[in-house]
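Given these sequences and hints, build the entire structure.
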Amino acid sequence: MGSHLIDLLFIFMLACFIGFEVIRHVSPLLHTPLMSLTNALDAIAVVGAIVLVGERKSEYATILGTIAIVAATSNVVGGFLITDRMLKMFKSSRPDK
Amino acid sequence: MTEIAASQYAIELIYLIASALFILSLKWMSSPSTARHGILAGEIGMVLAIGGTLLHHGIVDYKWIAVGLVLGSGIGVPLGMVQMTAVPQRTALSHAFGALCVTLVGTAEFYLGTQSGSKFGMSVLSMEVILGGLTFTGSLMAAGKLQEILPQRPITYKGQNFVNFILFGCAVGSAVYLVLHPEAKFLFPIIVGISVIFGVLLIIPIGGADMPTVISLLNSYAGLSAAAMGFVLDNKLLIIAGALDGSSGFILSVIMSKAMNRSFTNVLFGAFGQVQPSAAAGAEAKPVKSATPEEAAAILSAANKVVIVPGYGMAVAQAQHKVRELYDALTKKGVDVRFAIHPVAGRMPGHMNVLLAEADIPYDRLIEMDEINGDFPQTDVALVIGANDVTNPAARTDQSSPIFGMPILDVDKAHTVMVIKRSMNPGFAGIDNPLYYLDNTLMLFGDAKQFVGAIVRELTGGH
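Residue numbers (numbering that gives the first Met the number 0), protein chains in the order written: chain Y, 0 to 96; chain F, 0 to 462.
Don't take each hint at face value.
Said to hold, decoys possible - Below 25 Å or equal to it, Euclidean Cα-Cα: the simulated DSS-like pairs (lysine-lysine) are:
no., chain 1, residue 1, chain 2, residue 2
1, Y, K56, F, K62
2, F, K331, F, K304
3, F, K304, Y, K90
4, F, K62, Y, K87
5, Y, K90, F, K26
6, Y, K90, F, K448
7, Y, K56, F, K332
8, F, K26, F, K235
9, F, K288, Y, K56
10, F, K62, Y, K90
11, F, K332, F, K304
12, F, K26, Y, K56
13, F, K257, Y, K90
14, F, K285, F, K304
Claimed, not checked - Chain F is faced by these chain Y residues, among others (derived, beta-carbon under 8 Å):
no., residue
15, S2
16, L36
17, A67
Derived by calculation from the structure, the hints in this document are not laboratory data. Virtual Cβ for every residue (Gly too), placed ideally from N, Cα, C.
And the structure:
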């Protein structure tokens, strides 16, 4: 069990470094869509809520979990939608098609 | 291999693919030409992950899952269709929703007792609800301020930092005690309660001008709380997505704090100093030169290189579409027009770029501060629309100025500077701007939208 937690910490550390490297190269032009995209991706927390609700361990957990699914799903749908709308607006003055 | 183990194995594999897609998704955001692939990768990853999770062997009932997914989508669609000027508050609201999800799941996990056996599990669970709780209310406060439901000006009182510090200490202290004495279950609601109150108090002293930093910081907290939830649930995909979001928010808040000349520790602890209004309102009778739309149009059409410096005031005046007409009219006359974008122009990182892109201004004409500053000495006209502090040369020269040291756009080095402004009242932060009194500066007094409109009429109508 102890070594498994260490594994998770390794994953977390590596993911942070990948995050830093990848985000550093994002053009400042796109910082707003970047934030709405990471927001949508972050809403992957919905999977935790789905398992919680599906297992039906208690009424209490089901109620909290359902609210959590609503909150996270609205982020997934809204986040991808607005990021796409924003990126569609970015046009170059040199037509490249 | 049993059937349960096989399905678990399949889910882990799906999560692995989703993690790779999430990383690719962010990687493709590096340039506007690939960014939309990024969205597609993210969407596929998300659908795979949610679909895979539905196969989880422990799920016995799908009814409430379906209700949640449908309701959430119903709320998500209008939130995805808001106006571009409202994107900052939408983003703050979605940080709040993300944090709410994390806090609720954490709370349910606590009362189900899944973590009570392990000290590590209890520690990350506490971290999850502390970060989640304060991000939830903090982001709601930020959204309220941005939407102007709540007062924008900072609310401060004596000993504010002390009170906040004690509160946060109480939350962390209770969490430590709970980890060491798992039977003290009564502490859990106290921890959540304090965090929720702390989130409100953290944002109260922050004014509108600091919002880009605050939103980035809350973004980072939301990501970290999701990563903590990944540790609690032993879900590697969640750890990775949370870490990506956390580091993204962190990088953006560092960029924003540098652009506002705030120290790094200021960002980490959320203690954003308030801008002290400089009482030096003595030199009011300094002469300024002003010009009419006709004169401005004549100077602009005689120029070779024009740099437009937009600030949030331009967006408030809804002038971006008129600015686009000005861009078109000047480009047609063979004038080279570019836009200088300060990192904190707008209400969140990159906001000004989105507002100008919405007005159909090509993105390769939007130039970042570091790139364009060297070009101002060769610029014939710098036209400042609704920006103030980010053009204030006192930030370079006047050590007593509250914004001394803040990186600015060097518009004063252009041959001619034109500033569209309603009146000579000092701006948002109450700091006088010596730019307005320079010999090469012309003040264009009026509403940004109307004034730019008048210049455009002059340029297009008068031949």
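Out of the numbered hints, which ones does the structure contradict? Hints 4, 7, 9, 10, 12, 13, 14, 15 are the ones this structure does not satisfy, whereas the remaining hints hold.
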